[in-house]
Amino acid sequence: MPDVAHIANSIANDPLASLLLAIPISFALIVLSSRIWWVHGPFAVLLLAVSILFQSQRNLAFDSFLVGL
Numbered sequence: 001m002p003d004v005a006h007i008a009n010s011i012a013n014d015p016l017a018s019l020l021l022a023i024p025i026s027f028a029l030i031v032l033s034s035r036i037w038w039v040h041g042p043f044a045v046l047l048l049a050v051s052i053l054f055q056s057q058r059n060l061a062f063d064s065f066l067v068g069l
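Numbering (our numbering), first residue to last: 1 to 69.
None of these hints come from the bench; they were simulated from the model. Glycine included, C-beta positions come from ideal geometry on N, C-alpha and C.
Taking CB as the label site, the calculated pair distances span: (1) 7 <-> 33: 19 to 29 Å; (2) 45 <-> 5: 38 to 48 Å; (3) 6 <-> 50: 49 to 59 Å; (4) 47 <-> 6: 39 to 49 Å; (5) 7 <-> 54: 48 to 58 Å.
Could you build the full structure based on these sequences and the hints that come with them?
Take a look at the structure:
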């Protein structure tokens, strides 16, 4: 069974090996981020609604935070 150093060396030297590893990792991250979005989405909508309701008392840092979401 290959050790971690051998796997890391083959990924560093062989572009195809790194590509074959990067493709499933990217799909896993897409699935994970879509699940995280559904968890944090309602909270972001609530913050945006609060910002719109209190438009006269806007704070630039709070608006920048909402844009970052």
